[in-house]
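Colleague: Read top to bottom, the protein sequences are chains A and B. Numbering-wise, the first sequence is residues 160 to 638 according to the numbering used here. Numbering-wise, the second sequence is residues 779 to 978 according to the numbering used here.
To be clear, the hints were calculated from the coordinates, so they are not data collected in a lab. Fair warning: this is a prediction, and the values are worked out from it, not measured in the lab. The reader is advised that the hints may include incorrect statements.
[What the hints assert, rightly or not] Chain A stretches covered by chain B per the calculated footprint, using a threshold of three residues with CB under 8 Å from any CB of chain B:
hint: 1; segment: 278-285
hint: 2; segment: 371-384
hint: 3; segment: 414-423
hint: 4; segment: 434-446
hint: 5; segment: 503-511
hint: 6; segment: 538-551
hint: 7; segment: 575-583
[Said to hold, decoys possible] Now the in silico label distances, taken between C-beta atoms and shown as ranges:
hint: 8; chain 1: A; residue 1: GLU481; chain 2: B; residue 2: ASP781; range: 38 to 44 Å
hint: 9; chain 1: B; residue 1: ILE914; chain 2: A; residue 2: GLN185; range: 49 to 55 Å
hint: 10; chain 1: A; residue 1: PRO241; chain 2: B; residue 2: GLY817; range: 38 to 44 Å
hint: 11; chain 1: B; residue 1: LEU972; chain 2: A; residue 2: ASP442; range: 48 to 54 Å
hint: 12; chain 1: B; residue 1: THR917; chain 2: A; residue 2: GLN568; range: 52 to 58 Å
hint: 13; chain 1: A; residue 1: GLN424; chain 2: B; residue 2: GLY938; range: 28 to 34 Å
hint: 14; chain 1: B; residue 1: SER780; chain 2: A; residue 2: GLU422; range: 46 to 52 Å
hint: 15; chain 1: A; residue 1: VAL445; chain 2: B; residue 2: ILE914; range: 41 to 47 Å
hint: 16; chain 1: A; residue 1: ARG330; chain 2: B; residue 2: ILE914; range: 34 to 40 Å
hint: 17; chain 1: A; residue 1: GLN438; chain 2: B; residue 2: ASP950; range: 40 to 46 Å
hint: 18; chain 1: A; residue 1: ASN374; chain 2: B; residue 2: GLY974; range: 32 to 38 Å
hint: 19; chain 1: B; residue 1: GLY817; chain 2: A; residue 2: LEU414; range: 55 to 61 Å
Ideal Cβ placement from N, Cα and C applies to all residues, glycine included.
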Amino acid sequence: MNQPTAFSSGSRNLFDSVWNQHTVGQLPSGQTQLFIGQHLVHEVTSPQAFEMLRDRGLGVMCPERTLATVDHIIPTDDQARPFADGLAEEMMSAIERNCIEFGIELLGLDDPRQGIVHVVGPELGLTQPGITLVCGDSHTSTHGAFGAIALGIGTSQVAQVLATQTLAMNRPQVRRIEVTGSLADGVFAKDVILAIIRQLGVQGGVGFAYEYTGNVFDEMNMEERMTVCNMSIEGGARCGYVNPDAKTVEFLRGLPAVPEGEEFQRAAEWWLSLASGPQATFDDDVTIDGTAIEPTVTWGINPGQSVGVGESIPAVGDYVVEEQAGVAEALEFMGLESGRPICGQAIDVAFIGSCTNSRLSDLREAAAVASGRRVAEGVRALVVPGSQQVAEQAEAEGLDRIFSEAGFQWRAAGCSMCLAMNPDKLQGREMCASSSNRNFKGRQGSPTGRTLLMSPAMVAAAAIQGHVTDVRDLVPVAG
Amino acid sequence: MSDSQVISICGTAIPLLLDDIDTDRIIPARFLRCVTFDGLGEHVFEDDRQQDTGHPFNQDRFAGAAVLVAGRNFGCGSSREHAPQALIRWGVRAIVAESYAEIFFGNCTALGVPAVTLERDRLEELTASVEADPSIEITVDLEAGSVGWGEQTATAELPGSARTALISGEWDFLSQLLANREAIRETASTIPYLSGFGGA
């Protein structure tokens, strides 16, 4: 019998506790060999990894700690097989074959648990405090919301984890980011992470894991915490996490992969013991005033280039010399004029979805804005739930009808227009209000397409008005 | 010296001294609809190249370059290993930049590609030299910790673990990880969630 190890006392933070618990040893390079508790797999970054195993005659070490789903390449309208896109069909067939051959469970399109990998893991209760979790996808940081060390990895590393259930990693430092106070009405988790990245920069987190702490995170529900942790990678951090608390425990209670009865009590006790205590030390500390965060909108080509909704597009001269070339490039690509308010910027497309903002609470917030209104003429608006379970819950609440009646297209679960590996894409220079995570050049499928990142409620408001709008100015429609 | 040892890389360079170049730009997502990495090389920077005929990867004078010169936070964004795989297939064997995003850096090391850092002013000098004479030979020397071109030598930084792995030729971590099977099992046996959270 093994006693759970409690770490709550002393100077160790959660990251250190979990890292130490999973350390197998040091490699000759000096890196840590880290045991991985949960491996999530999707169709895009895995085929070459399975091929590497075949080349070396290796199997999967812990198939029971590995779960695959499909999200990136699947169409969100007509999902009949074979897909119209032959390349997507080939990838779909590859993951089906690989999962059978290597004994891994696959949540395919015919499985009601299918969805975006970072929505599915938490829904099934696979994402738990104190575990290490990896996936061949940078937004794996999402799972840190539960107090897990959750790392995005490359395909060679996917092969390594499949074969050994371990990873070679350098230990990052830990930066505590405390966001104090309470968020104003109309300000959401998305605004918090955009504000953090705006302040610390897209490279500010390199070398760090981010611990998010303070009253703003205490008040957030688990889905909101996932939104924040999801975009840690956009701030350059290797991962991000929130300490487990009573909300974490209650979220997990009763989920399929979570133990029941006495074992749940033991699990909950261990989970809560992992949280960084008052004496925990950090390599760096940042404090941000949560009450000052506004609904935030990006104007540029990286997620750090953002302004509060009441602000204007900045000018090159507002930035330090080292950043001026990048700002000039962004303004030119976006076709935006310095000094003009971001509010009022016309849009062509509105996208609500992605692993950042496609969960039930996101859809509720957007539906509250869309309810009783109509999408502006000429705007193409999509709502793409993060998983089949989210879709089912939303439909049970009638959210799909609210969106459809307002003129939004209600789609099937998938990554959709976040990254344009499927038929959902921008055309030409379209300007898209998007609840996704990246405004990189060409990210949404058109090489010249443009992205304005914002919260789902702000996307809904932009869709209704046809331009960027402060969601707080849209009073809910009565009845 | 084994085939896998990476001690120094010599060759001509291609300059791309821009900041925050993300992996979507290095290889746009539509080219990730593939089950092998073959064929990615011809699509490297595809969208940037189509919008800018003067893009370095469109210029014949930089064809055949082995060393990519880049700016700050190179390879940010998606974890796609397709990005370094595409660069390798185009011909890149080493990268010299001001800084890197971490997942991209790890992917490079895992593929035997040294991604070293240089101070900005030295990168600007290197870029100027390559622009003036694209045939100039660049040497990325991991043992000496330097990048040399013409009469110039600049100090190059590379994290110790990557340097050790590349120089020793043990950058393919799979066999090292596999070698510790017993220790993996031992560690797993101490992890509470793998053993009923301490239950009987």
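Colleague: Hint by hint, say whether it matches the structure.
Modeller: Hint check results:
Counting residues of the segment 278-285 of chain A whose beta carbon lies closer than 8 Å to any beta carbon of chain B gives 0, which falls short of the minimum of three for the stated coverage. Only residues whose beta carbon comes within less than 8 Å of a beta carbon in chain B count, and the segment 371-384 of chain A has 0; fewer than three means the coverage is violated. Requiring three or more residues with a Cβ within less than 8 Å of a Cβ of chain B, the coverage given for the segment 414-423 of chain A holds, as 3 such residues are present. Requiring three or more residues with a Cβ within less than 8 Å of a Cβ of chain B, the coverage given for the segment 434-446 of chain A is violated, as only 0 such residues are present.
Only residues whose C-beta sits within less than 8 Å of a C-beta in chain B count toward coverage, and the segment 503-511 of chain A has 0 of them, not enough to reach three; the restraint is violated. Only residues whose C-beta sits within less than 8 Å of a C-beta in chain B count toward coverage, and the segment 538-551 of chain A has 0 of them, not enough to reach three; the restraint is violated. Given a C-beta distance limit of less than 8 Å, the hint that chain B covers the segment 575-583 of chain A holds, as 3 residues qualify and 3 suffice. Take GLU481 (chain A) and ASP781 (chain B): their Cβ atoms lie about 40 Å apart, and the range 38 to 44 Å holds.
With their beta carbons about 40 Å apart, ILE914 (chain B) and GLN185 (chain A) fall outside the hinted range of 49 to 55 Å. A hinted range of 38 to 44 Å for the beta carbons of PRO241 (chain A) and GLY817 (chain B) is inconsistent with their spacing of about 22 Å. Remark: the range hint 48 to 54 Å for LEU972 (chain B) to ASP442 (chain A) is contradicted by a beta-carbon distance near 29 Å. Separated by about 56 Å at the C-beta atoms, THR917 (chain B) and GLN568 (chain A) satisfy the suggested range of 52 to 58 Å.
The hint said 28 to 34 Å for the Cβ distance between GLN424 (chain A) and GLY938 (chain B), and at roughly 44 Å that hint is violated. Range check, SER780 (chain B) to GLU422 (chain A): about 49 Å between beta-carbon atoms, so the 46 to 52 Å window is met. For the pair VAL445 (chain A) and ILE914 (chain B), the supplied restraint of 41 to 47 Å holds, since their beta-carbon distance comes to about 43 Å. Range check, ARG330 (chain A) to ILE914 (chain B): Cβ separation about 39 Å, and the 34 to 40 Å hint holds.
At about 41 Å, the beta-carbon gap between GLN438 (chain A) and ASP950 (chain B) stays in the expected band of 40 to 46 Å. The hinted window of 32 to 38 Å between ASN374 (chain A) and GLY974 (chain B) holds, with their beta carbons roughly 35 Å apart. A beta carbon spacing of about 42 Å between GLY817 (chain B) and LEU414 (chain A) contradicts the range 55 to 61 Å that was offered as a hint.
Hint violations for this structure: numbers 1, 2, 4, 5, 6, 9, 10, 11, 13, 19, all remaining hints satisfied.
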